[in-house]
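Student: Each chain, written out:
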Amino acid sequence: MNSPSNAIPESRLGSQVVATAAPPALRPLYWSVRRELWENRALYLAPAAAAALFLAGFLVSLVHYPAKMRAIQALDPMQQRDLIAQPYEFAALLMMGVLFVIAIFYSIDAFQSERRDRSILFWKSMPVSDLTTVLSKAAIPILVVPALTFVFTIATQWIMLMFSSLVLLASGISPSTLWTQLQWIPMSFMLLYHLVTGHMLWYAPIFCWLLLVSAWARRAAILWAFVPMMAFGIFEKIVLNTSHFGNFIGGRLAGGAETVASSVRGNAELSPMTHITPGRFLENPGLWGGLLCAAIFLALAVRLRRQRGPM
Amino acid sequence: MACIEARGLRKTFGATIALDGVDLRVEEGRILGLIGPNGAGKTTALNAILGLTPYQGELSVLGRNPWTERDQLMRDVCFMADVAVLPRWLRVSHALEYVAGVHPRFDRAKAESFLARTSIRHFHKVRELSKGMVTQLHLALIMAIDARLLVLDEPTLGLDILYRKQFYDSLLNDYFDRSRTILVTTHQIEEVQHVLTDLMFIHCGRIVFGCTMEEIESRYFELMAHPEQIAAARALKPMQERQVFGRTIFLFDQVDRNQLAALGEVRTPGIADLFVAVMEKQGVRAVPTQGAAR
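Residue numbers (the working numbering), protein chains in the order written: chain A, 1 to 311; chain B, 1001 to 1294.
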């Protein structure tokens, strides 16, 4: 008679223990990132649209491809490689450009939109810390966008390669020149290296700065992000007649490519493993200074997220 | 342990004092109505309790400091700030997935069964729902969370009367059990009158009145005096006197009920009338457009 009456409180206790058990530490972060992807569908729709448009143009241009390939085959291997790789490099540049612009706009709006539509009150009613929220929003431009860039570029290049091969086969030309000269695997590896070093590590402070301004500014975050920089540069020019600050910012914006390039000697696409020297990139004090700034910007953003309510 | 305990809670915005030394103690299992005119400090008090704003003074909610431990506190506290804080782009299915993902005490099946009673479907986005439906969705999410404290800030603002009635009905029937605590602020005093166990009036950042509903019934009486007894009624020093349809109505605090019964009809006052009387004692003129004091 005792056992059923005992069983109930026990099972209740059991379910309570389960209910109060802390979720794995990364669960809120994972769901916060998913949430960002639900909200910002442009992150994958825009590059998909750009890729589709580019592929449509590329497929139309394949009409002339057999003739072009015949001409290419008459050239020396170095020129062959350049001409064949050209459209593939253009596709990579396009994806990087589209996603970089999206990452900029995402970052500048990330903390403003939740305050503008008052949804911050809903997000803050959930057991998710401000640190988790800030990290999830920073993960979008720093991790998710480079990953998406890689995936979209590789997918686009594969489709290009497949269709080009089919067109060549259909017109009785062997696609072997295309496949041997394209160096597709080293090219993908270089893309990955470029994305990790340039887009993730070197640009991290830029995105974190934009996120900080987004958490701070009540309106016109995009102006707050850029105008003070320009004003400071102009001020320096007028007062000291120097442009160290301007060079510094310009170096950060353009320097990604230079810094990455400085660590790649010669024609790395042939055998990237032997030519890439990440050491030189990692030795660059600008990289570590930038990452330190990024961390400071994010820490400030956490403080602001805690204090700011809807506007 | 008290659910909410505040001592000397202060908050200023520049020169404006939003909370001026609030002392507050809410026991577990109570439904407290925090009532006050616009700008009285209701929302500021709730924001402090929810860890949305820093404050001076001591404040403990379920034994935690809300400002420094908001994320942990939110496992045990739910809140619904006034309607429409669900983002418009959010899909119903995503809302369920997200809350299930981040909230350890969320019971998804329960939320689904609440939603099944409404016309809200999983594929809907918040922007496609009416204001009333958004509130239903939010309520379904919240009622499926096994929280110890629920904070509602003007939850029915802007809803039509059907949804408002339904809102409090579901809250009482499906959610409230004696172990939970509910804190609600509203302008629509009449609606919550029968729901509350405790009542608190806030004015200019101070708690000016606080008691249980039982106390109100045993302590305050409204007398609709016979015309010939008006002078006798005035002699008993009413808190307030007003004219309704040519009859004189008095509000008494701690006067013997039998004594009043001889002078006319006696009944328990409505919270709204009590509120007006208390506010007038504080030197506030009821402003017709400002909600509670109608």
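The set of hints was computed from the structure by calculation and includes no laboratory data.
Note that the coordinates shown come from a computational prediction; the quantities given were computed from them, not determined experimentally.
The beta-carbon is built from N, C-alpha and C at its ideal position, and this holds for glycine as well.
Please note that a few of the clues may not be correct.
Stated by the list, open to error - Part of the chain A face toward chain B, derived, beta carbon under 7 Å:
1) Arg116
2) Arg118
3) Pro127
Student: Each hint needs a verdict: does it hold in this structure or not?
Tutor: Cross-check of the supplied hints:
no., hint, in the structure
1, Arg116, "10 Å, violated"
2, Arg118, "5 Å, holds"
3, Pro127, "4 Å, holds"
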